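Residue numbers (this note's numbering), protein chains in the order written: chain A, 40 to 378; chain B, 40 to 378; chain C, 40 to 378; chain D, 40 to 378.
Fair warning: there could be bad hints in the mix.
Treat identical chains as interchangeable: a pair holds within one or across any two.
Unchecked claim - Below are the PhoX-like pairs computed for lysine-lysine, each with C-alpha atoms no more than 20 angstroms apart in a straight line:
(1) Lys113 - Lys300
(2) Lys113 - Lys100
(3) Lys47 - Lys116
(4) Lys100 - Lys89
(5) Lys300 - Lys47
FYI, nobody ran anything at the bench for these hints, they're computed from the structure.
It should be emphasised that the depicted structure is a prediction, and the values quoted were computed from it without experimental measurement.
Protein chains: 4
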Amino acid sequence: MIVVMSPKSSEEQLNHVVELVEEMGLTSHVIHGTDRNVVAAVGDKRQVDKGAIENCPGVEKIVPILAPYKVASKEVKQEPTEIRLEPSGAVIGGKALGIIAGPCSIEDRNQTIDIAHAVKAAGAVALRGGAFKPRTSPYSFQGLAEKGLEYMAEAREETGLSVVTEVLTVPHVKMVSMYADVVQIGARNMQNYMLLKAVGEQPKPVLLKRGMSATMEEFLLAAEYIIDAGNPNVILCERGIRTFEDYCRNTLALTIVPAIKKVSHLPILVDPTHGTGHAYLVEPMSLAAIASGADGLVIEVHPDPEHAHSDPAQQIKPEQFKELMEKVKRVATAVDRTI
Amino acid sequence: MIVVMSPKSSEEQLNHVVELVEEMGLTSHVIHGTDRNVVAAVGDKRQVDKGAIENCPGVEKIVPILAPYKVASKEVKQEPTEIRLEPSGAVIGGKALGIIAGPCSIEDRNQTIDIAHAVKAAGAVALRGGAFKPRTSPYSFQGLAEKGLEYMAEAREETGLSVVTEVLTVPHVKMVSMYADVVQIGARNMQNYMLLKAVGEQPKPVLLKRGMSATMEEFLLAAEYIIDAGNPNVILCERGIRTFEDYCRNTLALTIVPAIKKVSHLPILVDPTHGTGHAYLVEPMSLAAIASGADGLVIEVHPDPEHAHSDPAQQIKPEQFKELMEKVKRVATAVDRTI
Amino acid sequence: MIVVMSPKSSEEQLNHVVELVEEMGLTSHVIHGTDRNVVAAVGDKRQVDKGAIENCPGVEKIVPILAPYKVASKEVKQEPTEIRLEPSGAVIGGKALGIIAGPCSIEDRNQTIDIAHAVKAAGAVALRGGAFKPRTSPYSFQGLAEKGLEYMAEAREETGLSVVTEVLTVPHVKMVSMYADVVQIGARNMQNYMLLKAVGEQPKPVLLKRGMSATMEEFLLAAEYIIDAGNPNVILCERGIRTFEDYCRNTLALTIVPAIKKVSHLPILVDPTHGTGHAYLVEPMSLAAIASGADGLVIEVHPDPEHAHSDPAQQIKPEQFKELMEKVKRVATAVDRTI
Amino acid sequence: MIVVMSPKSSEEQLNHVVELVEEMGLTSHVIHGTDRNVVAAVGDKRQVDKGAIENCPGVEKIVPILAPYKVASKEVKQEPTEIRLEPSGAVIGGKALGIIAGPCSIEDRNQTIDIAHAVKAAGAVALRGGAFKPRTSPYSFQGLAEKGLEYMAEAREETGLSVVTEVLTVPHVKMVSMYADVVQIGARNMQNYMLLKAVGEQPKPVLLKRGMSATMEEFLLAAEYIIDAGNPNVILCERGIRTFEDYCRNTLALTIVPAIKKVSHLPILVDPTHGTGHAYLVEPMSLAAIASGADGLVIEVHPDPEHAHSDPAQQIKPEQFKELMEKVKRVATAVDRTI
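The following block holds chain A by itself, in its conformation from the complex (with noise of 0.2 angstroms):
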């Protein structure tokens, strides 16, 4: 941590600055620059408030040098971390990419079922779909709750495809723990502190989705919650940010995939459904995300779009979905990856 301090300050703030950093168990390094002096404090302390002396006096701001996360980041683990998914063996994290593919609620088993069949046969490794549904209005359909988690399960049964779906609150944890293969952190629960432990302390893999305006860092954070609580299996996913654009719900910002890959060891899955909110879309981002480097996809896919329950809009069907994977594999190809 540096503090810059302002050029009016007094040799007495200078002194009330380094006694503060001293408190706070680190080693202090004055310097006195041409225009103002900067204390530089040393030593392992990122849980130390910075803003504790940004509001001495005589302190104009104060510059962090150590990112805030640890054990999300590669100072701590080099390698990638490779993430096995049951019972479908896939692996996300390697050379194979790890494509999650289903409706983006689930609707009826019939659906389900024929569903899953589809995405399995055009290569998916797991079925994704809502067994509860965060919806911004009270009005819109809310879910099948454990109807729906039941449902997954048995599409699990017929097609060994791992089952991904999301859990909304700590209540529920243990249930969809239960049935699920990897258990899901929507966007608007990234910062949803209580069930990001929760979901630290079961033992399933967890796909984390980054909130609409998170930092990069406010994302690795997010991770480290999960596995400060025990659970090293966390899968990044990157489903676009909210920025002033309007001919797209979000803007999918691809280009965290290789920060993360510079400074964290976890995987990161691109979902260009959300990402973009239009189906047109869906297609050539999903190229883009394979191109840019992660490690898979997450697609809504759904048989009638028209008539689904919730996001109708950025769904494709499962012909499509068939088609842009012929599309992902040549592109997977030409950076070195598989399916």
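For this one, chain A is given, so just place chains B, C and D on it according to the hints.
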């Protein structure tokens, strides 16, 4: 809802849209324009998912006409909602401003009681304080939990102030609701729908903070969740949004105050502490908030910000709060409000 | 400037950075931390491009210490800059607020003179109006050009108001400067550096509007261009930034007012017309701007907004402006300012 | 255009809107809804300012139906525009990708010629380089001006590459147009309408970079200015937008590539250099751009980035560019494009 057909769409595609509209229980009016046709779908079906039609062949876009919120809107209730806080008797949403102040985190018993006396003397009607802290980093102070609630209750006994505190997760709602006079939903939980429902089912007024990237519509839909679950006493609170600005922690979007007043009957407060993130900005933005028409303020006050366990950079001292309140009173008078 | 080395960087890489720092004419201090080393580069070399070092092997990131602007900063000049407008004699940046009002576009002679009388009667010190209009669409009204400037000059003759008008391109600077008392640089041209230099070389004060996505630093650097070219009379103006908010045309970022006051000696006005984009929001945000510490306002007033040639949705009528000014006066008094 | 009346609006207010619509030369259709009435205004009047009606009493909002751009849209021209560059003969917008590469600033003669040879050998069709540099700080290197143009012309002689360079201001258009094969409009000038007109009146193709906070509609309207002034050869270029993200200099919004392809016939390139701001991100985002459907790339290449006069952090070396091109070719093949 208006369905805009693309210029090259066929008669058959138009007919398909009309069918789908009527299948939804709406009446359709086709308007033949010079460049393209549009279908106006009439009827109050807020729960209809417009995306269903967006996915139809030949459709260019869908334009919603009705706002998706209803009970939070002025269409349903013209007169402003006034919410009485116990035991202080203060009313939020009337002519008098409601000022809520206190430390970021409840740290110990004496601090809590001292601050309560100080903010009451300066004119606050309620004491705020965090017992459960939503922290970005798992290594930061997480709050005193129930002990913190007890200290706040004691401070209420001593001062007569109402107590405002945040609830983070469904399993805590009952306990927090027992101690608090106003239950707060933090910005990170604004779209935690299970939590919104849970606080909608308990009897205390709810202070709903705007999410960091929430549109006005999403903000009012979150309020709608709470009202829909049975609790009409929702106090909105603007607390800054995430933008590219970097001289502040968040961009305080004060224009939402008069914008909300135009479409909704709910009261709205402003939190200049989180809304700016720096102590020196709290006073000017408090005055600006009142001038813009806010029904009150939520301000963090700490006896020794340098040693605060959380958010030290943005808390002000009791003597600064006292001065601020003197100025707030003058601006309040200038806009025909009282304290 | 602080150079943060990556944890696995070598001694050789550290030495290379030290060499590069010294090659730039700066002094280097190496600090060996627990996790990584940092190099503090000391010396006032604002023009040194820190990116040069960021690209070196073993470097994790560069943290600038000095703000890149200088003559616009309080480090160079502590007392606030007061700028006198001719012929009105109004001073921008002192205790008295400066209110600038008038139509979006100058449309005809009589309209211009009538509006000038009306805004003067209500307390404005200057007339604003567009002769050259920067329009998003090539099919929109583009302004009366020199004819418009003549009408404004005539209105000045009649009323004694100062005249504020925008210049769009370098070849027009001379002409606009001849007619205007204050030359305006619009938001879309805030980083049109050739234009900034050109208005820096003419003698009239410059009203510099903040770009739609400009940081505070970029805003002050744009002012610095003008001052550096020879013109110290720069009046800043916040006019809203682009965010995801959709209930308004721009998000009025009022917090920049006290933030600028902290680091710069330049006066700052607020434009609640473009800053919100809707007539009904102009009054509350004018009051908020004054309460936040702004040195004045820029407001669009039109006798018949429904038939205005540009920006009809956001202009207010003369009688609304008069009422607004009554309220502005009350808030001004409450914050110890005058009109 | 759809005019949505507010629920409590009167019959008289509705009639006033109808009159105003017809006064504009449009036909009106009134639709009586369950909650509110709407007026559909039919007719191709893109230049009608919808704000005029928004300001009428009883009006809640205006919803535009037609996109405001016309000649840039597919409605006017279905087949993709292909733009031939001289003297290289490369075509932008066809099956073959167009790769443009070169240093940020032209710094000296030999560097320019060497880089030109290097990028040509790797497969580029044009040399980019800045002779006039738009720098955020007045203290930064501002370019070699005409001398820089001469060096680029010489490099063209030697290599046969086309030359792409930026023009900053109207008085330079003639000179730049004389030397360059493609005239570039930078992001900061995307809404400098006088400059857009000026490059629309010269004969060379124009490379139009997207403004940092431009919507897709504004981007296409800027192209429309150029086309409308007489020059149909506009090449669009996505180069990152400003958001809250801080691990990159800009957020590369790749989704605009397929979105533009849907509504416009103009070719679109991607600039991963400015679009990310860090050398290590250029390669993965180049591949992603091609996979998303871009017609080519604009990449900064410098022989010695550590000593570059501008943007050192984001330029790559010739050998890195060569490697990148090998990978680009593989991805291009995978999406049925050639180089």
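Okay, the hints, checked on the actual structure:
no.	hint	in the structure
1	Lys113 - Lys300	within (9 angstroms within a copy, 39 angstroms between copies)
2	Lys113 - Lys100	between (28 angstroms within a copy, 16 angstroms between copies)
3	Lys47 - Lys116	between (44 angstroms within a copy, 12 angstroms between copies)
4	Lys100 - Lys89	both (10 angstroms within a copy, 19 angstroms between copies)
5	Lys300 - Lys47	between (42 angstroms within a copy, 16 angstroms between copies)
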